[in-house]
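My request is simple: use the sequences and hints to build the entire structure.
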Amino acid sequence: MVFRKQLPSKSDARKAAPAKKYRILVVDDEPAIADQLASYLAAHFSVTKATSGNEALALIRREMEGRPNPFQVIITDQAMPDMSGVAFLMETQRMLPDAKRIILTAYSDIDAVINAINKANVFRFLMKPWEPAKLLEAVHSSLRVYESERENRGEFREIIGRHPKLRSCLDMVSQVAASRAPVLVRGETGTGKELIARAVCQASDRRSKPFTVLHCGALNENVLEAELFGHRRGAFTGAVNDRKGRLAAAHGGTLFIDEVGEIPLNVQAKLLRFLQFGEIQRVGCDRVETVDVRIVAATHRDLAAMVREGSFREDLYFRLKVVEVNLPSLRERRDDLPLLIDYFMKRFWQRPTRAVIHPATMLILENYSFPGNIRELSHIVERACLLAKTEEIGPDLLPAEVLESYRDNELPDADSLDPEPILATFRRLSNEELKSHRQSACRKCSEDVERRFLRALMTEYREIAEAAKAAGMHRTYLHRLLTKHKLRGCMVEPMPV
Numbered sequence: 001m002v003f004r005k006q007l008p009s010k011s012d013a014r015k016a017a018p019a020k021k022y023r024i025l026v027v028d029d030e031p032a033i034a035d036q037l038a039s040y041l042a043a044h045f046s047v048t049k050a051t052s053g054n055e056a057l058a059l060i061r062r063e064m065e066g067r068p069n070p071f072q073v074i075i076t077d078q079a080m081p082d083m084s085g086v087a088f089l090m091e092t093q094r095m096l097p098d099a100k101r102i103i104l105t106a107y108s109d110i111d112a113v114i115n116a117i118n119k120a121n122v123f124r125f126l127m128k129p130w131e132p133a134k135l136l137e138a139v140h141s142s143l144r145v146y147e148s149e150r151e152n153r154g155e156f157r158e159i160i161g162r163h164p165k166l167r168s169c170l171d172m173v174s175q176v177a178a179s180r181a182p183v184l185v186r187g188e189t190g191t192g193k194e195l196i197a198r199a200v201c202q203a204s205d206r207r208s209k210p211f212t213v214l215h216c217g218a219l220n221e222n223v224l225e226a227e228l229f230g231h232r233r234g235a236f237t238g239a240v241n242d243r244k245g246r247l248a249a250a251h252g253g254t255l256f257i258d259e260v261g262e263i264p265l266n267v268q269a270k271l272l273r274f275l276q277f278g279e280i281q282r283v284g285c286d287r288v289e290t291v292d293v294r295i296v297a298a299t300h301r302d303l304a305a306m307v308r309e310g311s312f313r314e315d316l317y318f319r320l321k322v323v324e325v326n327l328p329s330l331r332e333r334r335d336d337l338p339l340l341i342d343y344f345m346k347r348f349w350q351r352p353t354r355a356v357i358h359p360a361t362m363l364i365l366e367n368y369s370f371p372g373n374i375r376e377l378s379h380i381v382e383r384a385c386l387l388a389k390t391e392e393i394g395p396d397l398l399p400a401e402v403l404e405s406y407r408d409n410e411l412p413d414a415d416s417l418d419p420e421p422i423l424a425t426f427r428r429l430s431n432e433e434l435k436s437h438r439q440s441a442c443r444k445c446s447e448d449v450e451r452r453f454l455r456a457l458m459t460e461y462r463e464i465a466e467a468a469k470a471a472g473m474h475r476t477y478l479h480r481l482l483t484k485h486k487l488r489g490c491m492v493e494p495m496p497v
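Numbering (full-length UniProt numbering) for the sequence shown: 1 to 497.
In case anyone wonders, no lab produced these hints; they're calculated from the structure.
Among these hints, one or two may not hold up.
What the hints assert, rightly or not - Distance windows between CB atoms, simulated:
hint: 1; residue 1: E382; residue 2: V223; range: 28 to 34 Å
hint: 2; residue 1: K128; residue 2: E382; range: 23 to 29 Å
hint: 3; residue 1: E30; residue 2: R383; range: 35 to 41 Å
hint: 4; residue 1: C285; residue 2: L265; range: 53 to 59 Å
hint: 5; residue 1: R94; residue 2: R462; range: 55 to 61 Å
hint: 6; residue 1: A305; residue 2: L387; range: 40 to 46 Å
hint: 7; residue 1: D396; residue 2: G284; range: 45 to 51 Å
hint: 8; residue 1: L265; residue 2: D396; range: 49 to 55 Å
hint: 9; residue 1: K484; residue 2: E382; range: 30 to 36 Å
Unchecked claim - 27 Å max Cα-Cα, derived DSSO-like pairs, lysine-lysine:
hint: 10; residue 1: K128; residue 2: K270
hint: 11; residue 1: K346; residue 2: K389
hint: 12; residue 1: K128; residue 2: K389
hint: 13; residue 1: K165; residue 2: K270
hint: 14; residue 1: K209; residue 2: K321
hint: 15; residue 1: K389; residue 2: K134
hint: 16; residue 1: K244; residue 2: K270
hint: 17; residue 1: K244; residue 2: K209
hint: 18; residue 1: K134; residue 2: K21
hint: 19; residue 1: K469; residue 2: K389
hint: 20; residue 1: K346; residue 2: K21
hint: 21; residue 1: K165; residue 2: K346
hint: 22; residue 1: K270; residue 2: K321
hint: 23; residue 1: K484; residue 2: K469
hint: 24; residue 1: K209; residue 2: K270
hint: 25; residue 1: K469; residue 2: K486
hint: 26; residue 1: K134; residue 2: K346
Think of the CB as a built atom: it goes at the ideal place given N, C-alpha and C, for glycine as much as any other residue.
Here it is, written out as structure tokens:
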């Protein structure tokens with residue numbers, strides 16, 4: 001292994017070293033490389049090393065006897081003789097689901113590597129020969145995500161947000177999780193109904209039992225009944241074998257029925273009988289089976305209206321809504337948008353350097369309606385991460401429908417816009433991030449966004465030099481922007497001393 005850059009001195013490492021509360025596991029089949037990795041990281045963290053995947057797995061098992069999460073970050077080489085890095089990390093997912101995984105690879109086909117390592121839920125990959133600074137940044141980045149997820153630890157760790165409406169839903173889940181009552185989760189498409197269902201399961205004593213999912217919207221009537229209750233061989237065309245249904249497969253655990261409003265009336269009657277008596281009959285079979293399953297159902301439809309129309313059974317409706325959780329749309333919890341964007345950026349950004357959200361991008365997203373809610377936001381951020389040519393996520397990386405929505409004048413006039421939300425977004429950038437795009441903090445903005453940004457800047461700063469420094473742009477360039485938008489008289493030059 002040859003470093004591209006000289007390692008920092010031990011004195012430099014000590015200056016930057018945080019308290020060694022984090023434990024790192026390093027795995028490489030070449031002892032010399034494992035020693036180099038461990039030696040460098042030991043200045044910052046508590047490091048344990050292994051020279052094979054099997055040795056590392058045995059080490060993890062021993063460590064887990066004394067503590068449940070012995071390592072916060074796992075770093076491994078990909079090409080190892082007894083077990084590849086991907087295979088090793090896939091094994092660690094089951095043992096240490098919360099640990100962050102970094103893989104070192106010399107492969108030149110990055111697309112193939114990304115496809116492979118995603119199977120192992122790898123947080124970051126680094127090309128060999130690795131650079132010490134990039135390695136340290138990758139570890140620090142992974143630990144930031146690890147700490148962020150600790151705020152949502154346990155059954156709620158994948159549910160990101162602090163809005164009161166969301167926290168009220170989670171409080172409800174905590175209160176009812178221990179019961180056996182059905183739960184009805186209501187919310188628009190993409191709001192995270194399945195995450196709530198999984199949280200109900202994880203917070204209950206059924207957490208170690210099966211969690212099974214049935215998506216009703218994708219199945220026709222005959223298939224849906226067989227999927228839910230199972231069937232006997234010959235019960236219908238194509239039924240060549242006996243088959244368990246989702247209810248029987250989830251025995252002892254939880255069944256999540258997504259889009260329960262799509263279930264036809266005749267199947268609703270059988271589902272009601274199960275909820276009342278815990279009994280099911282497979283299609284084509286007279287024998288009654290008893291199963292123990294907790295039902296969590298979800299819908300984006302108005303079931304009460306469907307009851308009035310006669311397309312949904314009233315008795316089933318009231319049986320399902322013993323406990324009702326109403327998830328807010330993303331439009332209702334815009335305060336959570338920065339947290340969610342940060343979460344998805346860390347999840348989808350696969351490069352060793354840190355990504356920066358351009359202020360104009362954040363402004364456009366903060367004013368978008370998100371009809372697809374969190375799922376749509378996830379796709380928008382993933383797309384931007386894949387298409388980005390630099391570390392800056394600019395407005396040009398947003399989908400056409402998002403930009404068109406902004407240009408359709410859904411926002412208030414620039415002169416009447418409250419600048420505080422823009423400045424709040426602006427303040428989230430660190431000094432380092434501002435320096436990373438010093439050419440212009442408004443370089444990729446539309447005319448409207450550019451003007452809004454300038455007005456917000458003017459509200460916060462009255463002197464051009466101070467504003468230019470804060471915005472990471474040259475004072476002359478800020479002069480030109482202010483003149484362009486006829487705002488030149490709103491800022492002043494500092495008085496000579």
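Unmet hints by their number, sorted upward, for this structure: Violated: hints 4, 7, 10, 13.
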